[in-house]
Amino acid sequence: MEATAALPAWRANLATIGALTSRAKNELLRVPGAAIPGVLAPTIFFLGLNGVFGALTQLRGFSTGSYESFIVPISMLQGAGFTGAAAGVNLARDIEQGWLDRLLASPAPRWVLLAGTVLPASARSLIPATFVLTMALLLGAGWPGVDGLLVTYFMVATMAAVAACWGSMLALRFKSQSAAPLMQAGTMALILTTTAYAPLALLQGWLQDIARINPVTQVVEAARQGFVGSVSWAETWPGILALAGMLAALGLLALREMRRTGA
Amino acid sequence: MSGLAKNLRVVQALGLRSIRQTFRRPQLMAPIVVFPTLLLAIQTGGAGSAVNLPGFPPVQSFLQFMLAGAMMQSLMLAGNSGGIALAVDIEMGFTDRLFAAPISRYTIVLGRLAGTAALGLFSALWFLAIGLVFGAHIAGGIPGALLAIALVTATAMAVGGIGAAVALRSGSASVVQGLFPLVLVVLFLSSAFFPVDLMIEPAQTIAQYNPLSLVVEGIREPIISGIAASDTAYALLAIAGIVALGLVLSARALRHRLRVG
Amino acid sequence: MSTAISVEGLERAFDEVLAVQGIDLEVGEGEIYGFLGPNGAGKTTTVRMLTTLLLPTGGRATVAGHDVVGAARQVRATIGVALQEAALDPLMTGRELIRLQATLQGIAGAEGRRRADDLLERVDLAAAADRRVGTYSGGMQRRLDLAAALVHEPRVLFLDEPTTGLDPVSRKTIWEEVRALNEEGTTVFLTTQYLEEADQLADNVGIIDSGRIVAEGTPASLKAEIGHPHIRLQLEEGSIAEAEEICARIGPLLPPVDGRTVLVEVEHGAADIPRVVRALDEAGIGVGSLELVRPSLDDVFVAKTGYHLEHEGEGDGEDEEEAVTA
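Quick mapping for you: the protein sequence lines, in order, are chains A, B and C.
Under this note's numbering, the first residue of the first sequence is numbered 1, with each subsequent residue one higher.
Under this note's numbering, the first residue of the second sequence is numbered 1, with each subsequent residue one higher.
Under this note's numbering, the first residue of the third sequence is numbered 1, with each subsequent residue one higher.
Next up, chain A with everything else stripped away, as it sits in the complex (with noise of 0.2 Å):
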């Protein structure tokens, strides 16, 4: 008795990465209060960040005399870190619970569930990133322009994609909620390691050499371009390239990880 109405593999695939993807907004829908502390946690960094550090702009060297212009697409990318290694918790929250096996049992490839998780992590960074953008704007960060945004948001998501990469590799490698810190400090020092707080050539030494070789440091300036600046594709496709580069390799690693649980 084989299944009757069945879907070409295509459409299946697809069907499944909507149904995780719909699984995932329970969370944010049918618990109360579950969104707040993505979006509290960047939230309170970009008014910390600000208020503490904010006379940094006097010096030489800052493109902008507006520190909430410069910071807003880090505590964006921020937004977008604690949003994907959420996605690591909870997916460790399902091996332990033992909800993993029901997919694991089923003919969905694994890549397709790696998706389903890590899609609903990309578009949820928007909510975090939004919240923390307008709160910027209001505080007199400049406005970023169409295309600046544009590119923020994608860098935003992207980033979100690859955090959420990390945090599912470590959730099928330990199959515990306990490396959850590990999921968030990765990502947060990921992103503080570049020219997060400063413009590169005001970065001392060591900081300075890590941010240089810290492929997030593109993300960071091509996100920052519209609030700095003008918008140009030299400044956006080192961005690009360097989350490709790591949503591949991480993507890779959590896929090996999905494939050898049970091994």
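Mixed in with the good hints there might be a few duds.
In silico SDA-like links for lysine to any residue, alpha-carbon gap of 20 Å or less [claimed, not checked]:
| id | chain 1 | residue 1 | chain 2 | residue 2 |
| --- | --- | --- | --- | --- |
| 1 | A | K175 | A | A24 |
| 2 | C | K223 | C | A270 |
| 3 | A | K25 | C | P90 |
| 4 | A | K175 | C | L55 |
| 5 | A | K25 | C | L91 |
| 6 | B | K6 | B | P102 |
| 7 | A | K25 | C | D89 |
| 8 | A | K25 | C | D130 |
| 9 | C | K304 | C | L253 |
| 10 | A | K25 | C | M92 |
| 11 | C | K223 | C | P38 |
| 12 | A | K175 | C | D89 |
| 13 | A | K25 | C | R131 |
A few chain A positions that, by computed beta-carbon distances, are all more than 12 Å from chain C [stated by the list, open to error]:
| id | residue |
| --- | --- |
| 14 | G61 |
| 15 | I127 |
| 16 | L137 |
| 17 | L138 |
| 18 | Q208 |
| 19 | D209 |
| 20 | A234 |
If you are wondering where the hints come from, they were derived from the structure by calculation, not from laboratory data.
Note that the Cβ used here is the ideal one computed from N, Cα and C, for glycine as well.
Using the hints provided, position chains B and C relative to the given structure of chain A.
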């Protein structure tokens, strides 16, 4: 045995227990020290050029300036985690056993604070060591270092008192845990990470009135320039204030808990 | 009859521990196979290997003709799985869950919805279908899990301890459902620690202990192998040791289940009762109650492993001394 002696014995026993608990599980201890260290590294590297700003206090390096802030962050986390540990005790019914015994209720809080103090001491030593390893100079020498350590430990206990009060009132570890973002905000709005005079409004005004700023300055002075009586005095005053607040809140929370059961 | 499940030398090691030590079994199509054993015997590990959730470290297995390692995807398309930890999401409604399962199985939207409705009716969850799973009772959750496992009309159904923790009524309901499914032609592989469940439902039973199959056959043939009934005596007064000594002269003793009971195998069944009673009476030992017990799967278990399945853990030390050899 007199009541006081008995109570002291209990405080000692609970204190040892809470110290053992703290250091027996390094994976819980790590975030209290590791996150502030990470942040210290990043902020020093990222905002370190701030020392060139006009009006920045004379320091040997930005790291030297930031050590106090890192210690504050660490001790606030320690106080928070002490509160969480007490809340877990309440949730598991351990405190009921203590309440039913013929001892003073305050021993429960004081015993817990011993663990927090130990953690505070540890983080003070840790960050002083980090500072020395990375070339920061303790201007006040050994006396200065000792003063900083003493202030950090005292403040850890004071903050722990507030955490304990919240734990007693709510009886829930997740409520105490939820305080953590608030803790971070309060710290940002102080002189922990930047000279108050160079902060942006409205953060600047808030930081000027934030008692934590007094504590931070008290810890910072011995490191960046040497022991100063007035800074130390103000810091002690602020700590006393926090202790008083913690005592009042704890007393009320204890009464509430005993009424509610 | 063709083979639904075929297992050869299947092995699974976790670090140093061999949880499943080379088992062989065969389940025919349309059969209900009961995998019986205590906690920790290796039942769940075996099921996880057969449902492709765990890789074997030795041996091979095929389900519905597909190799569980080499053709895992095909296996997943033909099996339905209801695991011990009901893999449910408390935030979803029952209906959403079955629809999700349908999507996972590649069933088109409208058809999936129709099947979900039918299945919810079938397991008597239609009324609760739009409530969150987190509000369901244990029995409801199991029924939902079972319904979800059926959405793609699987050829082979794996049930890992389907009624553990359920009240007797819920248990009966699940049993009825399993029988009905089997009548429709579904092969069922179920694991259980309950003798009655294996006895009542299974066509064939495999008894597993410490990672090995110690006995296999139909419930009737396994019990016939053991042969003799036993007398179960509850003592009112007198020493247990003395009573055991006396009874041992009449027939072999079985491991005791508690401190006031003696179990003695009797070759002639009821005819041996007067002998036993007389002998104990002469020794001044008071018998509270006496019962003739015909062989059960527990007896089979005891004969093969030396301890009871359903009262394991009591009188462990004594068990080893008085273990009966078959």
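Hint check, failures only:
none
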